Structure formats: structure tokens, C-alpha cells
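Participant: Residue numbers (this note's numbering), protein chains in the order written: chain A, 1 to 347; chain B, 1 to 347.
Careful, some of the hints might be misleading.
Listed next, with one range per pair, are the computed distances between beta-carbon atoms [to be verified]:
#: 1; chain 1: B; residue 1: A158; chain 2: A; residue 2: A132; range: 44 to 52 Å
#: 2; chain 1: B; residue 1: G229; chain 2: A; residue 2: N334; range: 43 to 51 Å
#: 3; chain 1: B; residue 1: A65; chain 2: A; residue 2: G152; range: 12 to 20 Å
#: 4; chain 1: A; residue 1: Q46; chain 2: B; residue 2: P84; range: 20 to 28 Å
#: 5; chain 1: A; residue 1: D41; chain 2: B; residue 2: A65; range: 24 to 32 Å
#: 6; chain 1: B; residue 1: I242; chain 2: A; residue 2: A132; range: 42 to 50 Å
#: 7; chain 1: B; residue 1: P84; chain 2: A; residue 2: A184; range: 14 to 22 Å
Some chain B residues judged to face chain A by a derived CB distance under 7 Å, without partners named [stated by the list, open to error]:
#: 8; residue: V212
#: 9; residue: D228
#: 10; residue: P231
#: 11; residue: E275
#: 12; residue: W276
Don't read these hints as lab results, they were simulated from the structure. Since the structure is predicted, the reported quantities are computational estimates derived from the model, not experimental observations. Ideal Cβ positions, reconstructed from N, Cα and C, are used throughout, including at glycine.
There are 2 protein chains.
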Amino acid sequence: MRQHSLRSVIATGAIGLVLFVALLFGANARALADPLPSWNDGPAKQAIVDFVTATTTEGSPTFVAPADRIATFDQDGTLWVEQPIYTQAAFALERVHELAPQHPEWKKQDPFKSVLAGDRAAMAKFGEGQWAEIVGATHAGISVEDFESIVGQWIATAKHPRFQRPYTELFYLPMLEAMQYLRANGFRTYIVTGGGQEFVRVFSDAVYGVPVEQVVGSSIVTRYDFNDGKPRLMREPKIFFINDKAGKPVGINMLIGKRPAAAFGNSDGDRQMLEWTGAGGGARLKMLVFHDDAEREFAYGPANGLPDSKIGTFPQALMDEAKQRGWTVISMKNDWKQIFQNEAKPD
Amino acid sequence: MRQHSLRSVIATGAIGLVLFVALLFGANARALADPLPSWNDGPAKQAIVDFVTATTTEGSPTFVAPADRIATFDQDGTLWVEQPIYTQAAFALERVHELAPQHPEWKKQDPFKSVLAGDRAAMAKFGEGQWAEIVGATHAGISVEDFESIVGQWIATAKHPRFQRPYTELFYLPMLEAMQYLRANGFRTYIVTGGGQEFVRVFSDAVYGVPVEQVVGSSIVTRYDFNDGKPRLMREPKIFFINDKAGKPVGINMLIGKRPAAAFGNSDGDRQMLEWTGAGGGARLKMLVFHDDAEREFAYGPANGLPDSKIGTFPQALMDEAKQRGWTVISMKNDWKQIFQNEAKPD
Chain A
1 MRQHSLRSVI ATGAIGLVLF VALLFGANAR ALADPLPSWN DGPAKQAIVD FVTATTTEGS
61 PTFVAPADRI ATFDQDGTLW VEQPIYTQAA FALERVHELA PQHPEWKKQD PFKSVLAGDR
121 AAMAKFGEGQ WAEIVGATHA GISVEDFESI VGQWIATAKH PRFQRPYTEL FYLPMLEAMQ
181 YLRANGFRTY IVTGGGQEFV RVFSDAVYGV PVEQVVGSSI VTRYDFNDGK PRLMREPKIF
241 FINDKAGKPV GINMLIGKRP AAAFGNSDGD RQMLEWTGAG GGARLKMLVF HDDAEREFAY
301 GPANGLPDSK IGTFPQALMD EAKQRGWTVI SMKNDWKQIF QNEAKPD
Chain B
1 MRQHSLRSVI ATGAIGLVLF VALLFGANAR ALADPLPSWN DGPAKQAIVD FVTATTTEGS
61 PTFVAPADRI ATFDQDGTLW VEQPIYTQAA FALERVHELA PQHPEWKKQD PFKSVLAGDR
121 AAMAKFGEGQ WAEIVGATHA GISVEDFESI VGQWIATAKH PRFQRPYTEL FYLPMLEAMQ
181 YLRANGFRTY IVTGGGQEFV RVFSDAVYGV PVEQVVGSSI VTRYDFNDGK PRLMREPKIF
241 FINDKAGKPV GINMLIGKRP AAAFGNSDGD RQMLEWTGAG GGARLKMLVF HDDAEREFAY
301 GPANGLPDSK IGTFPQALMD EAKQRGWTVI SMKNDWKQIF QNEAKPD
């Protein structure tokens with residue numbers, strides 16, 4: 001009995017030791033695990049790792065206090081697919097079809113007429129005025145709450161025309177890893193998008209782990225309404241703020257009030273955000289995603305001779321500025337081992 | 001030796017026990033310590049404690065997830081003194097004097113002429129147009145960075161005319177305790193002020209422990225400037241957003257994107273913020289500071305027959321709405337044991 005008991009103790013101890021070693025090993029393995037597994041080794045991946053090391057190593061001259069660890073990410077084309085049209089534009093166009101029965105006049109009235117007729121050539125020529133009309137008709141005249149619910153329902157079922165997957169699955173896995181890696185190192189990650197703030201807020205937490213208060217975006221005028229004793233925020237068909245190009249540093253200042261330590265973009269809409277980020281002292285990470293992978297995603301520029309695009313334009317001048325200022329250009333083709341979670345097979 | 005050893009063990013054990021009990025007692029004492037020592041017992045203090053209990057007790061039907069623990073605080077008159085004029089107005093007026101040598105034309109030109117002449121009667125009649133001119137002349141035409149530095153220098157030395165203490169010492173200690181108590185319970189505390197966002201950001205962290213990204217305020221147009229290769233955010237002499245009255249729920253939606261669980265105000269500028277907060281379900285804390293203590297601070301209404309005031313107006317209609325909707329009115333005189341840290345002696 002006594003011997004049995006002793007054996008039990010030894011056995012228990014052995015199991016304990018095994019567990020202990022396993023835990024130690026596990027913790028160690030986690031610490032050593034590659035935080036960016038979807039990235040190929042190369043200058044882009046290295047730039048991210050070097051930046052995190054430089055800004056989080058205590059005593060380093062480039063150490064950044066946790067309160068100032070701000071990383072900003074453009075959304076369309078930087079965090080998820082933006083071709084063949086912005087997801088929000090797809091939403092707006094589908095909503096024109098949905099609302100058409102209540103607007104018989106649209107059949108004869110552009111830009112709605114072209115949308116309803118599916119006239120792609122006409123739609124491709126839409127300028128700011130036409131889009132403002134479409135946004136006014138599809139994004140306004142309802143409360144913020146109702147708008148969020150409409151977007152939520154749409155995004156839950158809508159699918160990307162080429163990949164035939166929900167848009168919310170078409171985020172770039174390497175960029176999500178970069179966000180998570182930065183967050184694990186005390187950075188707060190903000191989305192700074194030319195798209196609608198209220199649109200992106202609907203899914204920012206679920207898709208990117210970014211809470212709504214960390215979404216900086218374009219907005220229309222919102223009006224407090226209390227007519228019937230039940231307060232509502234009503235969306236008006238009027239632009240309030242365009243968070244694009246020179247608007248991005250302004251939006252960042254308004255919502256964050258601090259200069260980012262890291263900024264990620266992919267087009268001429270992000271140039272000023274990267275300039276603004278880079279003009280701060282110390283270690284700053286400035287990165288641009290370059291879409292050069294027609295097979296797995298899309299290829300467009302016109303930089304480096306790739307096809308021109310009205311959506312997510314990456315002009316040669318931006319490529320030149322990136323070189324001149326030491327911004328890191330991420331080649332989707334070369335730097336990303338995998339683009340999507342459960343990689344979509346391109347057609 | 002053996003007995004000595006045993007005695008040592010017992011002694012050590014006894015010391016250990018004493019330490020253990022002391023630790024338990026200490027922890028218990030801390031848990032039982034009054035988180036709101038500057039508040040007198042009464043319905044206002046009780047409302048805060050009850051709200052925190054209701055929203056943070058796991059399993060309670062009114063439990064609020066940490067991500068949604070948002071508390072918003074008006075600044076002027078709610079967190080610090082606003083009489084005889086708003087601190088920011090004092091800054092603007094002093095800056096008119098400072099800039100006057102560069103503007104000889106001001107001597108003959110109102111509203112500057114009245115300010116330079118110290119004509120209090122004329123200044124008291126200034127409307128929105130005059131103040132907009134003064135703000136344009138004193139708050140714009142410079143970069144955000146330069147503005148912050150000017151405000152920082154001013155606030156470090158400027159003193160309140162009655163209390164003869166720096167404005168930054170004239171925060172209400174009970175309100176700071178409420179903020180700290182809420183933060184200790186997982187709430188994020190935001191300042192939601194009709195005052196200038198950039199003005200308040202200069203001292204929000206030092207005075208209230210509120211980081212700049214949690215300051216929602218009024219703003220003027222800001223423009224990204226890159227003329228000389230060095231990016232700057234320039235402040236333009238044009239109003240962008242007024243974060244007051246019906247603007248407060250709009251500003252909250254823009255910067256936070258969530259309905260507050262708790263809101264604190266003191267005037268008709270805060271009515272809509274409290275309505276908006278109260279219209280959410282579950283436990284919501286809605287509080288109004290009522291300045292009824294002429295001896296220790298100021299007394300003004302015109303609610304409850306107190307003197308009327310253009311600054312921080314608390315009309316009878318607001319008092320009636322507070323009663324009707326169950327908002328808690330804080331009486332400075334009765335609810336606050338102490339108003340200022342190192343209590344200023346009133347003159």
C-alpha cells in the first residue's frame with residue numbers, strides 16, 4: 001500500500017514534470033513563433049519586425065511610449081480587395097436596385113437610369129457628382145442605427161463577383177497578421193479610410209478586431225432629431241468630411257490627435273498620410289501595398305507599367321516618392337506567401 | 001537546538017499569519033475604501049455607486065461589456081470652473097492684447113477695440129459673430145503644433161481672477177474622483193466639450209487623465225499643407241464643427257461611435273447628450289452639476305430662482321426635464337464635501 005502510494009506520487013510527479021516541460025516548451029514556442037507566417041522573408045517583412053523591435057525595446061533611443069503606439073491602415077486595397085469596384089460602391093449600386101420600386105422616376109433619370117440598366121460603360125464614367133447623388137439616395141434619409149442594420153444585412157450575404165466569397169472573407173491575411181502583431185506589441189490599430197466611417201464600423205471589429213472608435217472615415221452630415229421624443233441621429237444627403245488624400249492627416253488629427261508611428265496604404269489616397277507619419281521623428285514605418293499579382297488577386301498601377309486603374313490608383317509619382325523617402329513597397333506577388341485565409345482559387 | 005528550531009518555525013509561522021491577515025485586511029480595506037471621498041452621502045453619490053455596481057456585476061441583467069463602458073463628461077462647469085468667463089474665452093481675450101501690436105487697425109475696429117479698451121459692458125454683449133471673429137484672429141492662421149504650444153504656455157501661467165490659482169487647479173475634485181472610479185471599473189472616460197478640441201487636448205491628460213483621443217470638442221477647419229516639403233496641419237479661420245447642444249450626440253457618434261452608458265453635464269448645452277444617453281436601454285447614468293454654492297464657487301441658474309447666466313445656463317426647463325426623466329441633479333452645495341483640491345478659500 002505504502003509502496004503503491006509512493007509509486008503514485010512518483011508517477012504524479014513525473015506527469016507534473018512532463019506537463020511543466022510541455023508548458024515551458026509551449027510558451028517558448030509561442031514566443032519564438034513567426035508572428036507574420038503569411039509573409040515571405042524579405043525587406044517588407046523585415047521592416048515590420050525591425051520597426052516593432054525599435055519602438056518597443058526599453059532604453060532604445062527610438063522607444064515609443066505605449067500611449068503613442070498608433071498604427072493607421074487604409075482599408076480598400078490595403079486591408080481588403082477593392083477591385084473591380086470598392087465594396088461600398090457595390091453596396092450602393094445594389095441598393096439603387098433595391099430602392100428602385102419606390103422611385104419610378106429613376107428609370108428616366110441619370111445616374112440611376114444607368115445603374116438600373118446595368119450600363120457599365122456609363123457607370124465607369126461617373127464622376128464625383130454622380131456618386132454623390134447615388135450616396136445621397138442610398139446612404140441618407142435614414143437613422144444611423146437603420147443604416148448600420150442595412151449594411152449589416154447586406155454584408156452578411158453579398159459576394160465578391162470574382163472570388164464568389166463574402167467580402168468580409170477577402171481581407172489580406174498578411175495585413176491582419178501585421179495588425180495583430182502590432183497590437184500584441186501595444187500598438188492601437190486604426191482604420192483610416194476614404195470609405196464611409198459608418199459603413200466600415202459595421203464590420204471593423206468582426207473582420208479586423210478594430211473597435212468602432214478606431215475607425216476614421218468619410219462622413220455625411222448627421223443631425224440629432226428629437227421630434228417624437230425618441231432621439232435619433234439622422235443621416236443627411238450632404239457630405240460632411242472626405243477622409244482621403246490631404247483629408248487623411250486631418251481626419252487622423254481630429255479622431256486620434258497624435259501622429260501615427262506606422263501607416264499603411266496602397267494608393268495616391270494615402271500619400272499624405274504617409275508623409276505626415278514620416279515627418280515625425282524617431283522610427284516610423286511607412287508601407288504601401290502594391291497590387292502586382294493578377295493571378296492571385298489583381299494587378300494595377302499605373303506604376304511600374306501595370307495597367308492603370310481609377311480605383312486604388314498607384315501612380316509612378318507615388319512609387320518615385322516612396323523610393324525617395326524610404327517608404328517600403330509591399331509586393332503582393334513576392335512578399336505574401338498567402339493572400340486570403342483559406343486561399344480563394346482565382347478563376 | 002531542535003526546540004529552538006521549532007520555536008523559530010512557530011514564530012515564522014506566526015509572523016506569516018500576521019502578514020497574511022494584514023494583507024487580507026489591507027486588500028479588504030482597499031475594497032471597502034470610499035472611492036468618492038469628496039462626496040457627501042446622498043442620492044447623487046448613491047446614483048454613481050449604484051450605476052457602477054449595476055453595470056459591472058457579472059450576470060446582472062444590466063451588465064455592460066467592457067468595450068461599451070463609455071462615460072462622457074462636459075468640461076466647462078462640469079469638470080472645472082466656467083465663471084466669470086470660459087477659460088478659453090479668457091485665453092482668446094488675453095491673446096488679442098498680445099497680438100495687438102501686430103494689428104494697429106484693431107484699435108479702431110470692433111470687436112477688438114472693445115477688448116483692448118477692456119470695455120466689459122461691450123464684451124458682455126458680444127454675439128456669435130463677434131466671438132467667431134475673435135476666435136479667427138486668436139486661434140487660427142497657425143499650425144496645430146504652434147497652437148498647442150501657445151495654449152500650453154498660456155495655461156501654465158494664467159490664473160483665475162477670483163481664486164488666483166491656475167485654471168488647471170480649478171477642476172472639481174469630486175468629478176475627478178467620479179472619473180477615476182469609473183476608470184477603475186473599466187469605463188473609458190471622454191471629455192465632450194463645446195470648447196475647442198485642440199484647446200482642451202493640451203491639458204486633458206495632465207488634469208483629468210484623459211488622453212487626447214478621448215477629447216471630443218468643437219473645431220475649426222484644418223488644412224494639410226505641404227508647400228515647403230514639411231507637412232503641417234494649418235488652422236483656418238472657419239468653423240468646422242460645433243460640439244454643443246444637438247451637436248454633442250453627433251460629435252459622440254463621430255468620435256466614439258457608441259452610445260454612452262453615463263453622461264455628465266451642467267447646462268442646456270448638455271441636454272441632448274443626456275437625452276441621447278438615456279434613450280439607450282439598461283442602466284444609464286445621467287447627471288447634471290447644479291451650481292448653487294456662491295460661497296465656495298458660484299451660484300447661477302436661472303433654475304430654482306438662482307441668478308441667470310449667459311455662461312453655463314441651467315434653465316428651469318432643464319431642471320423640469322431632469323425631474324421628468326429621472327436625471328440626477330448634483331447640488332454643489334449639498335453633495336460636495338470639498339470642491340477643489342487644496343480647497344481654495346473664496347474671497
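Participant: Compare the structure with each hint and give your call.
Facilitator: Hints, verified against the model:
1. Hint check: A158/B to A132/A, Cβ distance near 45 Å, so the stated range 44 to 52 Å holds.
2. A beta carbon spacing of about 31 Å between G229/B and N334/A contradicts the range 43 to 51 Å that was offered as a hint.
3. Range check, A65/B to G152/A: about 18 Å between beta-carbon atoms, so the 12 to 20 Å window is met.
4. Checked against the given bound of 20 to 28 Å, the beta carbons of Q46/A and P84/B, roughly 60 Å apart, lie outside it.
5. Checked against the given bound of 24 to 32 Å, the beta carbons of D41/A and A65/B, roughly 40 Å apart, lie outside it.
6. Range check, I242/B to A132/A: Cβ separation about 24 Å, and the 42 to 50 Å hint is violated.
7. Checked against the given bound of 14 to 22 Å, the beta carbons of P84/B and A184/A, roughly 51 Å apart, lie outside it.
8. Checking V212/B against chain A by beta carbon gives a least distance of about 4 Å; that is within 7 Å, so the hint holds.
9. The interface hint given for D228/B is broken, as the beta carbon of that residue sits about 12 Å from the closest beta carbon of chain A, more than 7 Å.
10. Evaluation of the P231/B hint against chain A yields a held restraint, the C-beta minimum of about 5 Å falling below 7 Å.
11. Hint status for E275/B: holds, given a least beta-carbon distance of 5 Å to chain A, under 7 Å.
12. With 7 Å as the threshold, the beta carbon of W276/B comes within range of chain A, its nearest partner Cβ sitting at about 5 Å, so the hint holds.
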